[in-house]
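J.: Could you put together the complete structure from these sequences and hints?
Number of protein chains: 2
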Amino acid sequence: MLSDINNKHSVFHFQLSTIMTNTYSIGIDIGGTNTDIGLVSAEGRCVARKNLPTRQYFDADLYVSDICKKIYEMMEEQHVAAIDGIGIAAPMGNYYTGCIDNATNLNFRGTTNLNALVHKYIDVPVTVSNDANAAAYGELVYGGAKGMSNFITFTLGTGVGSGIVIDGKLLHGKTGNAGELGHVILIPDGRPCGCGRRGCLETYASATGIRYTALELLEKRPQYDGVLSKISKEKLTSKHVGDAAHDGDPLALEVFEKTGQWLGIAMANAVAFSSPEAIFLMGGPVKAGEVLLRPLRETFKKSLCFVYDGSVDIRVSELPDNDAAILGAAALTKNK
Amino acid sequence: MLSDINNKHSVFHFQLSTIMTNTYSIGIDIGGTNTDIGLVSAEGRCVARKNLPTRQYFDADLYVSDICKKIYEMMEEQHVAAIDGIGIAAPMGNYYTGCIDNATNLNFRGTTNLNALVHKYIDVPVTVSNDANAAAYGELVYGGAKGMSNFITFTLGTGVGSGIVIDGKLLHGKTGNAGELGHVILIPDGRPCGCGRRGCLETYASATGIRYTALELLEKRPQYDGVLSKISKEKLTSKHVGDAAHDGDPLALEVFEKTGQWLGIAMANAVAFSSPEAIFLMGGPVKAGEVLLRPLRETFKKSLCFVYDGSVDIRVSELPDNDAAILGAAALTKNK
Numbered sequence: 001m002l003s004d005i006n007n008k009h010s011v012f013h014f015q016l017s018t019i020m021t022n023t024y025s026i027g028i029d030i031g032g033t034n035t036d037i038g039l040v041s042a043e044g045r046c047v048a049r050k051n052l053p054t055r056q057y058f059d060a061d062l063y064v065s066d067i068c069k070k071i072y073e074m075m076e077e078q079h080v081a082a083i084d085g086i087g088i089a090a091p092m093g094n095y096y097t098g099c100i101d102n103a104t105n106l107n108f109r110g111t112t113n114l115n116a117l118v119h120k121y122i123d124v125p126v127t128v129s130n131d132a133n134a135a136a137y138g139e140l141v142y143g144g145a146k147g148m149s150n151f152i153t154f155t156l157g158t159g160v161g162s163g164i165v166i167d168g169k170l171l172h173g174k175t176g177n178a179g180e181l182g183h184v185i186l187i188p189d190g191r192p193c194g195c196g197r198r199g200c201l202e203t204y205a206s207a208t209g210i211r212y213t214a215l216e217l218l219e220k221r222p223q224y225d226g227v228l229s230k231i232s233k234e235k236l237t238s239k240h241v242g243d244a245a246h247d248g249d250p251l252a253l254e255v256f257e258k259t260g261q262w263l264g265i266a267m268a269n270a271v272a273f274s275s276p277e278a279i280f281l282m283g284g285p286v287k288a289g290e291v292l293l294r295p296l297r298e299t300f301k302k303s304l305c306f307v308y309d310g311s312v313d314i315r316v317s318e319l320p321d322n323d324a325a326i327l328g329a330a331a332l333t334k335n336k
Numbered sequence: 001m002l003s004d005i006n007n008k009h010s011v012f013h014f015q016l017s018t019i020m021t022n023t024y025s026i027g028i029d030i031g032g033t034n035t036d037i038g039l040v041s042a043e044g045r046c047v048a049r050k051n052l053p054t055r056q057y058f059d060a061d062l063y064v065s066d067i068c069k070k071i072y073e074m075m076e077e078q079h080v081a082a083i084d085g086i087g088i089a090a091p092m093g094n095y096y097t098g099c100i101d102n103a104t105n106l107n108f109r110g111t112t113n114l115n116a117l118v119h120k121y122i123d124v125p126v127t128v129s130n131d132a133n134a135a136a137y138g139e140l141v142y143g144g145a146k147g148m149s150n151f152i153t154f155t156l157g158t159g160v161g162s163g164i165v166i167d168g169k170l171l172h173g174k175t176g177n178a179g180e181l182g183h184v185i186l187i188p189d190g191r192p193c194g195c196g197r198r199g200c201l202e203t204y205a206s207a208t209g210i211r212y213t214a215l216e217l218l219e220k221r222p223q224y225d226g227v228l229s230k231i232s233k234e235k236l237t238s239k240h241v242g243d244a245a246h247d248g249d250p251l252a253l254e255v256f257e258k259t260g261q262w263l264g265i266a267m268a269n270a271v272a273f274s275s276p277e278a279i280f281l282m283g284g285p286v287k288a289g290e291v292l293l294r295p296l297r298e299t300f301k302k303s304l305c306f307v308y309d310g311s312v313d314i315r316v317s318e319l320p321d322n323d324a325a326i327l328g329a330a331a332l333t334k335n336k
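Going line by line, the protein sequences match chains A and B. In this text, residue positions in the first sequence follow the numbering used here: the first is 1, and each later residue adds one. In this text, residue positions in the second sequence follow the numbering used here: the first is 1, and each later residue adds one.
The reader is advised that the hints may include incorrect statements.
Unchecked claim - Heads up, incomplete: computed chain B residues facing chain A, CB under 8 Å, no partners named:
# : residue
1 : Y72
2 : K174
3 : C195
Don't read these hints as lab results, they were simulated from the structure. Keep in mind that this is a model prediction, so the values were computed, not measured. From the three backbone atoms N, C-alpha and C, an ideal C-beta is built for every residue, glycine too.
T.: Here is the structure:
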C-alpha cells in the first residue's frame with residue numbers, strides 16, 4: 001500500500017510540475033528610457049523579451065496598447081496560449097491603485113491608470129508596484145529569498161530603492177509607498193537629496209552618492225594623482241570608481257569603504273525595525289564586490305543592536321542581472 | 001420576516017455584549033522594581049489591581065507562584081469565575097518563546113520561561129512580549145488606535161521603546177525583537193548608549209536623553225541662571241526639565257525643542273519604513289505637551305519624504321496613564 005501511495009504521489013508531482021512549467025506570466029519593467037517586457041516561465045526563466053522606447057511616447061493609451069501588442073506577439077512566437085497575470089514595475093507605481101502617480105521621468109503627467117489601460121486589451125490580473133518592491137518580490141519568488149518570510153532588499157542605482165517582505169508579503173503600508181529606505185535620513189542636515197530634503201541614505205549609498213563621495217575625496221586629497229584624477233569631474237561616474245577600486249586605486253577603495261560603512265549603519269537600523277532573516281543587495285555598485293561588502297559587513301556588525309546578533313545574513317541578490325527587473329515585475333503576479 | 005430577522009439579530013447582539021462584558025483578562029506589567037497585576041474587563045477597564053516587589057524575588061518559580069496567588073485573590077474578591085487569558089509585558093519578554101531572556105534589571109539570570117511557570121498554576125493562554133510592544137497593542141485594543149491596521153508607538157521612559165503594528169498585528173520579526181526603534185542610530189558616532197553603541201535614538205529622546213541634553217546646554221550656557229542651574233548635576237532629572245519648561249524657563253524650552261526635533265527625524269524615518277496611518281507617543285516626557293509636540297511636528301513635517309505628505313497623524317496615547325501598562329499587557333491576550 002505504501003508503495004502505491006508513493007506512486008500516486010510521484011504521478012501527482014509529475015503532473016503538477018508539468019502544469020507549472022506550462023504557466024507563464026508577463027513582467028514589465030518601465031524605465032524612463034526603455035520599457036522591457038518579458039515572458040517568464042513558472043520556474044523563473046525569462047523565455048522571451050521585447051522592448052519599447054518609453055521616452056518616445058506622450059500618450060499613455062497608445063503606449064499601453066503597444067505594450068499589449070508586444071505581449072501578444074511574444075505569446076504567438078513562443079506558442080504560449082495563456083498567461084496567468086501581468087506584473088508591472090514602474091517608478092511611483094502604486095500597488096493599491098494600479099496607477100503611476102506623477103513620475104518625474106515619464107512623459108505622461110498626472111496619474112496613469114496602468115491597470116485600467118491594460119484591461120482594455122488583455123483580461124488577466126494586473127499587479128503594479130514600484131521597481132524596488134518588484135525586486136524584493138523577484139528575490140522571494142525566483143531568487144535567494146525563496147522560502148523566507150522576513151527580509152529586506154536594497155537596490156543601489158541612480159537612487160537607493162528598497163523592498164520589505166514581512167510574513168511572506170510585500171509591505172505597502174497606508175499609502176502603498178512603504179519601504180522607501182533610500183529616503184531615510186542617515187545624516188541629519190547632510191547632503192542635499194533630489195527629494196528636497198537633506199541627508200537621505202541615497203545621497204550616500206547610490207551610484208550618485210558614490211560619485212559625490214569620490215568628488216569630495218578628490219577635493220580633500222590634492223596630492224592624489226591616480227586614475228580618477230585624470231577624468232574630468234563632469235564625466236566621472238560610479239563605474240569609473242568601481243573599476244579603479246577593482247584595480248586597487250587607494251582613493252576609489254576609500255570611497256567604497258565609506259559607502260559600505262554608511263550602508264552598514266542604514267541596514268542595522270532597518271533590522272531594528274523588522275528583525276529580518278536576511279538583507280539582499282542588488283544593483284550596479286554591488287558588482288564592486290568585497291571592496292564594498294567587507295566594510296559594509298564590518299560596520300553592520302558594529303552597528304547592530306545586540307538583540308539581533310547573528311540573526312541576519314547580508315547577501316547579494318541571486319537573480320540574473322539582465323533579467324532581474326523583468327523577473328521582479330513577473331513575480332508581482334504571485335503576491336496575494 | 002425582515003423584522004423577525006432583525007429581532008434575532010438584536011437578541012444575538014445583546015447576548016454577545018453580555019458575554020463580552022463578562023469576559024476578563026489579566027494584564028501583568030513586570031518592572032525592575034514593581035510587578036503590577038490587573039484584572040481587565042472586555043471594554044478595557046482595569047477593575048482591580050495588585051502588586052509585588054519584583055526586586056525582592058531571586059527565585060523565578062516563587063515569584064510566578066506569588067503572581068498567580070494574587071490573580072486568584074483578585075478573581076475571588078471581584079467574583080470573577082474565569083479569565084480568558086494572561087498577557088505579560090516584561091523587559092526582554094519574547095513573544096515567540098514566552099520567556100524573559102537575560103533581562104539586566106531582574107534578579108533572575110538567564111532565561112525565565114514565564115509561559116511554562118504560569119501554566120503550573122493556571123491553565124489559560126499566556127502571551128508574553130516586551131513592554132513597548134504591549135503598549136502598542138494596548139493602544140490598538142483599548143486606546144486611540146482602535147480600528148487601525150498600521151501604526152507605530154513610541155514610549156519615552158528611561159529608554160525609548162516602540163511597537164509596530166502592521167495589518168492589525170504586532171510585528172515580531174525573526175527574533176521576536178522587531179520594533180526596537182529606540183536603538184536606531186540617529187546620529188552616527190553620537191552619544192554613548194547603554195547597549196554599547198553610539199548615537200541611538202534613546203540617548204537623545206528618552207528621559208535619560210532629556211537629562212543629558214539639559215546637562216550639555218548648562219555647560220554651554222554659563223550665563224544662564226534659571227531654576228535648572230540651582231539643581232545639582234547629580235540630582236537633575238527630566239521631570240525638573242519638564243516642570244521648568246512648563247514655567248517658561250528658556251534653557252528647559254531649548255531642551256524640549258531639540259528633543260522634539262530628534263524625535264521628528266526618527267519618526268519620519270520610521271514612516272519611510274512602514275507608511276503607518278498614525279504614530280502614537282506615550283510616557284512621562286510626553287506630559288510636557290506642546291513644548292515637545294510643536295517642534296516634533298514641525299521637524300517631522302520637514303523630514304517626511306513627500307510621498308507620505310498628509311498621510312500620518314502624530315497623536316498622544318489615549319490610554320489612562322495609571323493603567324496603561326496593565327491594559328497593554330492585557331491587550332496581548334487579543335493578539336492572534
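J.: For each hint, tell me whether it holds in the structure or not.
T.: Evaluated hints:
| no. | hint | in the structure |
| --- | --- | --- |
| 1 | Y72 | violated (34 Å) |
| 2 | K174 | holds (5 Å) |
| 3 | C195 | holds (6 Å) |
Checked against the numbered hints above, the structure breaks only hint 1 and satisfies the rest.
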